[in-house]
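Q: Numbering of the sequence shown is given in our numbering, commencing with residue 865 and proceeding in unit increments.
Treat each hint with caution, since some may be false.
Said to hold, decoys possible - The list that follows gives simulated cross-link-like pairs (lysine-lysine, DSS-like), each with its CA atoms no further than 30 Å apart:
{"no.": "1", "residue 1": "Lys976", "residue 2": "Lys966"}
{"no.": "2", "residue 1": "Lys976", "residue 2": "Lys915"}
{"no.": "3", "residue 1": "Lys912", "residue 2": "Lys966"}
If you're looking for bench data, these hints aren't it; they were derived computationally from the structure.
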Amino acid sequence: MELTPEINPGMLNGWVLLALFYIVFGILLLSFPKGVVARLYDRSAWGKKQKILSAAGKLFIFSWFVLVILTPMNIGNIVFILGCAIYLLGLSGFVLSLLNYKDTPLDQPVSKGLYRASRNPQQVSILLSYLGISLAIGSWVAVFLIVIAAFMSHIRVIAEERSCLIQYGASYRQYMERVPRYFLFF
865 MELTPEINPG MLNGWVLLAL FYIVFGILLL SFPKGVVARL YDRSAWGKKQ
915 KILSAAGKLF IFSWFVLVIL TPMNIGNIVF ILGCAIYLLG LSGFVLSLLN
965 YKDTPLDQPV SKGLYRASRN PQQVSILLSY LGISLAIGSW VAVFLIVIAA
1015 FMSHIRVIAE ERSCLIQYGA SYRQYMERVP RYFLFF
């Protein structure tokens, strides 16, 4: 692991893992009904503050994307192997949580599969995947950017939960009482 990694555009950079993540995500979205995709991206109940803070968080993610695209992976290094394992765990969790999301009727809160263990498995899984990529490229700066993005994504999670309370009412409030926000962490 290096504080500032070598910037060297190439074919075996972190963009490979990032591209795989978004190819899988895109294929899933294309296979989902339009109503499910609309619900996934519904921000209608967000306040102005949440929208601004979410946009600010995206600046950190954008910086991370640039760093990942331009940084070679540390293939053969133990940190690379650990990073790939964390990445695959995150990608698997993301796919599973999206499938759980898709299979839930639109008039009900999502509460099955990984959603029995966390109210936000998609967000946790994305961050795990990004952390894995950061380790695979061996960059402390990338890890730092993901940690900041994780704190910023908490604002997004709060806004999404508020939206779910408005949309689903008492059933979502009961779900919130039963299931922690971030798996067993909180």
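Q: Taking the hints in turn, state whether each one holds.
A: Okay, the hints, checked on the actual structure:
no., hint, in the structure
1, Lys976 - Lys966, "holds (11 Å)"
2, Lys976 - Lys915, "holds (28 Å)"
3, Lys912 - Lys966, "holds (28 Å)"
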